[in-house]
Amino acid sequence: MTQATSQPSKIAGMTGRAVIVALAVLTAAAALPLVLTNYQVGLATEMLIFGVLAMSIDILAGFAGRTSLGHGAIFGVSGYVVVYASAQAGLPPAMAFALGVIAASLVAVIFALLAVRTSGVYFLLLTLALGMIVWGICLRWTQVTGGENGMRGDVRPALLVTHRAFYWAVLAGVTAVSYAMWRFVRSPFGLTLLGIRDSESRMRSLGYNVSLHLFIGFTVSGFFAGIAGALYAMFNNFVSPSTVALAQSVEGVLMMIAGGVGTLFGGFVGAAAIIALENAVSAYTERWQMVLGITFILIMIFAPEGIIGTLRAILTRKQR
Amino acid sequence: MNTFQLFNGLTFAALLFVVASGFTLIFGLLRIVNLAHGALYLFGGYIGFAVATKTGSFVLGGLGAMAAMAAIGFVLDQGLLRFVRGHDLRQVLLTLGFAFVLNDLALVIWGGDSFTVPIPQVLRGGLRVFGVFYPTYRLFVLATGIVVFATLWVLLNHTRLGALIRAGVDDAEMVEASGVNIGRVFLVTFLLGSALAGLGGLMGGAFLSLYPSADAEILVFSLAVVIIGGRGSLIGVGVGSLLVGLLNTLGQVMFPELAYFVIFGPMAVLLAFRPLGLFGRAA
Amino acid sequence: MNRRLFLKTSTAALAAGTAGAPWRGALAQAGPIKIGLLAPLTGVVASGGKEMVEGVQFYLDQVKSEIAGRKVELVIEDDASNPDTALQKARRLVEQGNCHMLIGDLLANTGLAVANYVKGTGTPYFIPIIAADDLTQRQRIKNVIRVAGYSASAFTHPFGDWALKQGYKKIATISQDYTFGHEQCGGLSQVFTEGGGEIVQQFWHPLNTADFSPYLGQLADLKVDAIFAMETGADATRFIQQYASFGLKGKIPLLGAMNATDQSVIRTLGEECDGIIAAAHFAEGSDNPVTQKFTKEYEAKYGKIPSLYGFSMYSGIMWVAEALEKLGGKVEDRELLIDTVLKTELVGSPLGKTVKLDSYGNPIYDVQIRKVVKRADGKYWNVPVTSYPNVSQFWKYDPETYMKQPPYSRTFQGIKKT
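Protein chains in written order, with this note's numbering: chain A, 922 to 1241; chain B, 15 to 297; chain C, 248 to 665.
Treat the hints as calculated values from the structure; they're not laboratory data. All values derive from a computational prediction rather than experimental measurement. Be aware that one or more of the hints could be misleading.
Within a straight-line C-alpha distance of at most 35 angstroms, the following computed DSBU-like cross-link-like pairs (lysine-lysine) qualify [to be verified]:
1. K470(C) <-> K68(B)
2. K68(B) <-> K498(C)
3. K621(C) <-> K68(B)
4. K366(C) <-> K68(B)
Which residues of chain B face chain A? A few of them, derived with a C-beta cut under 7 angstroms, are [claimed, not checked]:
5. V47
6. F97
7. V98
8. L108
9. D118
10. W167
11. V168
12. E187
13. M188
14. V276
15. F278
16. A282
Simulated restraints, written as ranges between beta carbons of each label pair [claimed, not checked]:
17. H172(B) <-> A1204(A): 52 to 62 angstroms
18. K548(C) <-> N959(A): 34 to 44 angstroms
19. N959(A) <-> K311(C): 29 to 39 angstroms
20. G125(B) <-> R387(C): 41 to 51 angstroms
21. A1097(A) <-> S312(C): 49 to 59 angstroms
22. A1204(A) <-> W167(B): 46 to 56 angstroms
23. F97(B) <-> A1168(A): 43 to 53 angstroms
Where is the CB? At the ideal position from N, CA and C, for every residue including glycine.
Chain A on its own, in the form it takes in the complex (with noise of 0.2 angstroms):
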């Protein structure tokens, strides 16, 4: 395509100018641990790794227009396999971590192999009857999976036990997958994808695949929730079946959409947003799920497009 005006040019992808905001949200993120306590530290390590599953889920919510009530069980299987990797089988954690995101990746394909031909609300309750299933093996599965009790281990490479230390690992991995997934919504495949969030059946006719496209992007995403699950279990040590249970998805969801479907990067505003809320709400209550409620209600009604959205909204129309 030849261009009338000219492209500003790219690094890796992105402009001069978010180059320049990239460093200085990283460079930011990375000094945090000097000046917050280590509880703080261990709190912003759960908001990069909940951001990364929130990421997750809006590349099928945002990019390919289905919303998956599936992905907490995608994100806790990693975590079962990484520590049973660990505990169990010996692995050294390199492995354990490879080993949770190809489980995660191989039950996201099962996953999409059944839900890729439907959209909206079957695929909400698709994906929920899915994660349950995951979550009634986790839960029986007692031999293999310490069922109820779930299973404990020391997961995290002797290097990285202090919180700092751990911080940094994550916020460098968190880095890498963020930039990741980001290239790959921007790609070719990431714009077909919008278009089958626009129109199925546009895409149908222009020839697209709509199904093929479906399955891979949400083997991606699965890919990338495997990523937080074995962060998640390496950050507690410890896994058990409401790691995979319906809660953990609804709670993706919901910090996907406090930060804003389809903007991506939303996620860690949500994932930060909504940590952030319950450490506040619950020093002084033990009614944090209905400020949950309520905040969930809150956000349909007033904000739908979360946190971010609502800024570019306000931004675009300042820009008029």
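For this one, chain A is given, so just place chains B and C on it according to the hints.
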């Protein structure tokens, strides 16, 4: 499966039917997946329990539960859902948030103890039916399920409201275009669906008890019933309830390890290959 | 005068008389003792969690929030009946709240998650309620101590013996399908079968089973002398009701795990629970004067008869307090605190008898065989029928030999093959 287990499955199916019929009415006509339906069951059950223990009357408990849940349904629909009409996903998630609020509110009001709705004297004890000694109350639940089915059947097929609902399930725009205030039909349906959830709560509360996670459990079963049976179809809910109820009992007895799989396996497969369920019709 | 009063007055005298003592002054500046209490205030076992908090607060109110001359700051966190949340809250209590110790948790999986965490931080963690056998047997963590608690099989060992003495020859068990259930059933089965009894069949059902009808039908068909039901919480409520509604009550004697006839279950039940027998260390209707006083005062304050949860947490925090008194309140020395707790004998226990820990950190109790009876005011409570003195977690077995056998599980129930 022997007679005893059959009765168990049927009884549970009857309860599921009462609850899921409300769910499918709302899903079928308003296209809303009301994830707060389970919370309406539980909250309605608690209120029914409170009324029944205060007044000593099971019937009043039932009426109280239904009226209260219709009221809460009114608040949910007119107070909250009206802001997100037309946005399927937002509606679903809003009802989920509402479910969280109701569940926590119930915890605040009634605490976490398990409560059992008192069974009226006349329904206590058991009867000999088909060679087994079976609790009378459970037979009552079975009978009630059948009565509710019959009532809904008459309502949907022999009243004007029912005709409007059925037409609306098929094509709501057309109904509106023909001059009917579809909004009112929607509202009545929502109230009816919510009331059914409350009734289910009272009835279930007498033999399954009421406790903090009962809402999530019944919701998940209702989803399975409606998906398997098909959206917006009364026969579908009936068949779906029978299948899920019987499968659940069978699963518990024969494959306790696979309890969830026995229900969600078929649900997932159906969703993947025949999302409309057994009796659902395309929107 | 009883020992508790002695301890209180002597502490008061000490405080009054040694106001000028140097270590006292240092302590006064040392700040409060921060105790982190984890309990499920929301979620499936919320009612138990609330009573756990009441039990601790009941004790602290009695000592005016002061132990060994230092103020006690109690920080309460909700673990939401969920291990991930429990971990998060434990981290908050230890890393942000700077708590000197953690106490609480109800569900075994929340306890195991937190135990795994404190293994790394060395924070003393007291678990009066968590009953997973292995935490004080094969997978012992040094700083996790089951003060005032019990291991699952500890009470069912003597219960098996009692069943034999009643002349029961055949028993069937029905239980929630998780470690706690396996261990309780295992304890009963082992002793019962070693004494010549037969376990005809065992039923395992998932937690949160709403409908027991599939199992009750099968139980009714078995020709057994008694049924042992290991149920907790809402499952216990439903099981007992459905047992009665299916006509089994009065036909086959029902033996229960102590959780099944705990106040938290029977206080919302009626005549369905009348006559059920269980084995436990605590019987709220006991005529022991110390227990009576405890029950009466608790009921006056909270409007309900105390359950296992309130009682265990009360005893647990009392145990820690008695250890701290010995240490002069020096809670900062963790090693010393843990060692002292292990050596301390609970003198003021509401059981009316001093309780001590065995060499594995598990308490030794007099086990009451107790029965649910109706009180004069119409409420139901547990009254002892007979008792087995000084029962340890190992019953009459030699500890080393006992620990060589595998932990109780679904596949290993200690059943002696004939």
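Exercise. Provide an ascending list of the numbers of those earlier hints which the structure does not satisfy.
Key: 1, 4, 10, 11, 12, 13, 14, 20 and 23
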